[in-house]
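Q: Full structure from sequences and hints, please.
Protein chains: 2
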Amino acid sequence: MNATTPIHTLLPTINQRPLPDELVVALQIHFGDRCSTAMVVREQHGRDESSFDVPPPGAVVFAQSTADVVLVLQLATQFKVPVIPFGVGTSLEGHLLAVQGGISLDVSRMNQVLSINAEDLTVTVQPGVTRKQLNEAVKSTGLFFPIDPGADATLGGMAATRASGTNAVRYGTMRENVLALEVVTASGEVIRTGTRARKSAAGYDLTRLMVGSEGTLGVITEVTVKLYPLPEAVMAATCSFGSLADAVNATIQIIQLGVPIARCELLDANTIRVVNAHSKLNLREGSMLLMEFHGSPASVKEQVDTVQAITTELGGQAFEWAQTPEERTRLWTARHNAYFAGVQSRPGCKAITTDTCVPISRLADALLDSVTEAQQAGIPYFLVGHVGDGNFHMGYLIDPAFPEERALAEELNRKLVARALQLGGTCTGEHGVGLHKMEFLVSETGSGAVDMMRTIKRALDPNNILNPGKIFTL
Amino acid sequence: MNATTPIHTLLPTINQRPLPDELVVALQIHFGDRCSTAMVVREQHGRDESSFDVPPPGAVVFAQSTADVVLVLQLATQFKVPVIPFGVGTSLEGHLLAVQGGISLDVSRMNQVLSINAEDLTVTVQPGVTRKQLNEAVKSTGLFFPIDPGADATLGGMAATRASGTNAVRYGTMRENVLALEVVTASGEVIRTGTRARKSAAGYDLTRLMVGSEGTLGVITEVTVKLYPLPEAVMAATCSFGSLADAVNATIQIIQLGVPIARCELLDANTIRVVNAHSKLNLREGSMLLMEFHGSPASVKEQVDTVQAITTELGGQAFEWAQTPEERTRLWTARHNAYFAGVQSRPGCKAITTDTCVPISRLADALLDSVTEAQQAGIPYFLVGHVGDGNFHMGYLIDPAFPEERALAEELNRKLVARALQLGGTCTGEHGVGLHKMEFLVSETGSGAVDMMRTIKRALDPNNILNPGKIFTL
Chain A
212 MNATTPIHTL LPTINQRPLP DELVVALQIH FGDRCSTAMV VREQHGRDES
262 SFDVPPPGAV VFAQSTADVV LVLQLATQFK VPVIPFGVGT SLEGHLLAVQ
312 GGISLDVSRM NQVLSINAED LTVTVQPGVT RKQLNEAVKS TGLFFPIDPG
362 ADATLGGMAA TRASGTNAVR YGTMRENVLA LEVVTASGEV IRTGTRARKS
412 AAGYDLTRLM VGSEGTLGVI TEVTVKLYPL PEAVMAATCS FGSLADAVNA
462 TIQIIQLGVP IARCELLDAN TIRVVNAHSK LNLREGSMLL MEFHGSPASV
512 KEQVDTVQAI TTELGGQAFE WAQTPEERTR LWTARHNAYF AGVQSRPGCK
562 AITTDTCVPI SRLADALLDS VTEAQQAGIP YFLVGHVGDG NFHMGYLIDP
612 AFPEERALAE ELNRKLVARA LQLGGTCTGE HGVGLHKMEF LVSETGSGAV
662 DMMRTIKRAL DPNNILNPGK IFTL
Chain B
212 MNATTPIHTL LPTINQRPLP DELVVALQIH FGDRCSTAMV VREQHGRDES
262 SFDVPPPGAV VFAQSTADVV LVLQLATQFK VPVIPFGVGT SLEGHLLAVQ
312 GGISLDVSRM NQVLSINAED LTVTVQPGVT RKQLNEAVKS TGLFFPIDPG
362 ADATLGGMAA TRASGTNAVR YGTMRENVLA LEVVTASGEV IRTGTRARKS
412 AAGYDLTRLM VGSEGTLGVI TEVTVKLYPL PEAVMAATCS FGSLADAVNA
462 TIQIIQLGVP IARCELLDAN TIRVVNAHSK LNLREGSMLL MEFHGSPASV
512 KEQVDTVQAI TTELGGQAFE WAQTPEERTR LWTARHNAYF AGVQSRPGCK
562 AITTDTCVPI SRLADALLDS VTEAQQAGIP YFLVGHVGDG NFHMGYLIDP
612 AFPEERALAE ELNRKLVARA LQLGGTCTGE HGVGLHKMEF LVSETGSGAV
662 DMMRTIKRAL DPNNILNPGK IFTL
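As they're listed, the protein sequences go chains A and B.
Under my numbering, the residues of the first sequence are numbered 212 to 685, in order.
Under my numbering, the residues of the second sequence are numbered 212 to 685, in order.
Hint data in this document are derived by calculation from the structure and do not stem from the laboratory.
Bear in mind the structure is a predicted one, so any value in this text is a computation, not a measurement.
If a hint is listed, it holds; no wrong ones were tucked in.
Simulated pairs of lysine to any residue, SDA-like, Cα-Cα distance not exceeding 25 angstroms:
no., chain 1, residue 1, chain 2, residue 2
1, A, Lys437, B, Gln467
2, B, Lys291, A, Thr666
3, B, Lys512, A, Gln467
A: This is the structure:
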């Protein structure tokens with residue numbers, strides 16, 4: 212990609228064909244009212260949180276079992292029709308959009324927690340279980356599942372996009388926390404990857420090949436993840452800074468010192484304002500870090516002492532504690548709602564969201580220039596970041612009625628990604644490639660690596676029926 | 212696999228062909244005396260720490276650069292000849308053996324530390340850098356690389372086999388610690404996977420596909436790994452138990468309580484005896500845990516208090532501290548030499564090593580019955596374990612002159628693996644599949660998953676020249 216690449220290439224190429232009648236009849240015979248061609252159902256499955264408009268899939272099938280998934284894939288193979296796995300629709304990058312038509316395979320009814328192995332700190336769930344449901348299910352064991360992308364996403368979707376979010380700075384992402392999967396292949400074969408053992412050197416790491424493959428290599432029908440003991444002590448705090456640079460530099464120092472901080476989130480003054488309005492809070496307007504510390508009381512105290520020393524030196528003010536679980540929940544709910552607060556701050560807008568992640572020492576370089584560029588362009592935006600990981604999101608708020616606003620946002624995004632790549636980072640820390648970052652992927656990894664991905668895709672999905680048109684073009 | 216599978220199937224199938232003269236000439240023109248066909252050099256590259264005897268490769272090439280590796284692979288593709296990447300030869304599973312002949316590609320001279328990014332806690336090295344060399348190189352930064360498989364293996368080899376060892380219980384394995392790779396493909400193309408960012412959702416996880424692929428999908432020519440701040444406080448201790456069961460149960464409780472122990476190693480009385488003899492130590496003879504604690508002084512104290520409470524309750528005695536760095540080094544060197552101490556305890560023997568890893572709650576079931584079986588069979592053995600991960604190794608000491616000893620050891624290994632798989636574990640926690648665990652891999656993952664591995668292998672290495680005959684048969 213270079214500066215002369217036309218902006219419109221970031222819009223998806225749409226190449227839909229109607230579903231063959233014979234296929235629809237076969238699906239209806241097998242699934243009855245669990246196969247729907249009603250427009251309202253198709254439309255609900257034909258959008259996600261991305262900014263793209265794509266006509267909906269031809270049909271929606273609600274799977275209740277692995278056998279259902281097998282059957283859909285066998286029929287899809289027979290008729291050479293795309294299948295798009297669907298959880299609860301919280302993708303931000305157009306993963307769920309039926310750019311080549313096909314069947315939306317809704318697994319949200321596959322929502323059983325299959326086995327809680329508290330003594331091994333593992334749990335196995337169906338793909339439609341959401342993270343909140345999972346944490347509710349394991350609550351009595353004294354364990355919890357830390358990965359928290361904000362949205363109450365399904366575990367299947369989180370695995371498919373290699374999700375992370377807050378808490379990843381301490382507990383890792385889906386990459387580190389998925390131990391094993393059951394996957395249905397393009398031809399409808401059920402395979403198992405991994406075991407419940409915490410480590411293994413048994414052949415190719417199919418688990419991690421599937422994690423982050425965005426539904427293009429198989430449909431995930433079971434997920435086994437790690438759990439963690441609920442920390443003995445939890446403290447959350449906010450700290451305001453005189454400038455964005457100070458907040459970012461505090462973060463860099465916290466990470467470089469190896470503080471095992473559990474959450475280290477940044478919101479800029481802009482975002483605090485919309486969060487306050489949306490969540491009826493009175494957070495001090497300014498660049499703010501929202502932090503959480505997990506551990507024994509002594510360990511938490513040590514972490515807090517170190518962080519307070521760093522933030523004080525950088526002029527951090529108003530170090531405020533969320534003392535009770537309720538206060539903490541309110542704070543994190545507000546953080547999680549920042550996206551929606553941002554979007555609602557400009558009625559009728561859509562958000563074009565960035566997702567770069569850079570080595571921690573380059574975070575200030577990556578972030579500050581991006582903010583300056585957005586301000587200079589005069590585009591409304593919000594800024595949130597899992598900055599402890601070097602990951603931040605600008606949300607450019609565009610009016611979809613004005614193509615020039617989209618073009619401006621995409622141009623800012625393009626510059627922001629180019630900067631992150633130059634700093635040794637990635638175009639997507641956690642949202643995935645989907646439709647929106649296909650060109651950036653090539654810039655990031657080079658065409659050789661993308662060709663290797665294509666080779667794997669062609670080998671495992673020779674008819675190109677698994678969520679086609681995503682990650683790369685074939 | 213079932214009980215009637217003949218034992219001899221665990222011996223490798225050898226199908227060597229001599230190298231074409233034209234290829235040897237081409238290699239010699241390009242590499243001069245860095246290409247050797249001398250028998251002594253070939254033999255040195257035709258063995259590893261496994262118990263197999265296989266005739267050596269046809270030639271050895273000493274690569275000094277990625278360009279050298281590219282050239283070897285281009286020639287190998289042209290002549291359809293196998294290439295076996297070679298580091299320092301510490302594999303235990305026959306990975307390096309030239310079962311189909313070919314070229315041993317020695318990368319040990321590619322041993323430059325390319326860039327230390329202390330401020331990002333990352334380092335990039337050539338594949339021939341060993342872990343000790345790496346730690347020496349980063350010493351002045353206050354950071355360290357924790358993964359420690361015992362042998363002073365190369366980073367390339369450790370990545371290729373998904374190595375771990377002591378410290379993995381706290382810091383993870385190569386799976387969690389490799390951020391990025393440069394890899395030369397079968398056709399001689401150089402690709403890059405991953406970035407220095409700590410997380411990414413950018414397409415298929417080629418990094419982790421390569422990690423653990425045992426040289427069968429590409430030759431690793433650069434490795435970027437995470438570093439960690441040297442812990443402020445380090446304490447190491449040994450604790451003796453009245454029975455193996457007590458030592459194992461103490462481990463299970465330590466892990467279940469979430470103690471962030473850095474090392475938790477088990478040696479049985481048998482092994483302590485040979486280690487004492489080999490390393491001139493006076494460790495108390497009995498089942499023993501060797502432990503190490505990392506953290507702030509307060510955190511280390513907390514960990515130690517918790518562990519002492521657990522071990523005391525289980526009759527642990529003689530909790531002894533290695534107070535100084537020298538004492539610690541002596542203790543861990545003795546632990547690392549346990550394998551060699553075991554082998555030397557029976558002159559002329561070879562060790563057939565097991566490597567199962569199970570969910571932590573099943574560790575006692577997996578381990579105790581295996582020891583009983585070895586004792587009943589009357590075979591000399593040693594037992595060491597990274598038990599904090601649920602991973603342990605029996606080393607059956609056989610006289611290679613007596614095939615019935617090998618058969619007995621393999622039968623014990625077979626039972627041990629079957630038990631681990633039944634308990635939800637894996638046939639290999641860290642050594643890899645190589646030649647020795649090919650049949651177990653099928654039992655573990657099922658033929659569907661192995662077929663998927665084969666499909667990927669065929670797609671990425673259509674001429675089957677990359678370390679052929681390992682992991683699975685094609």
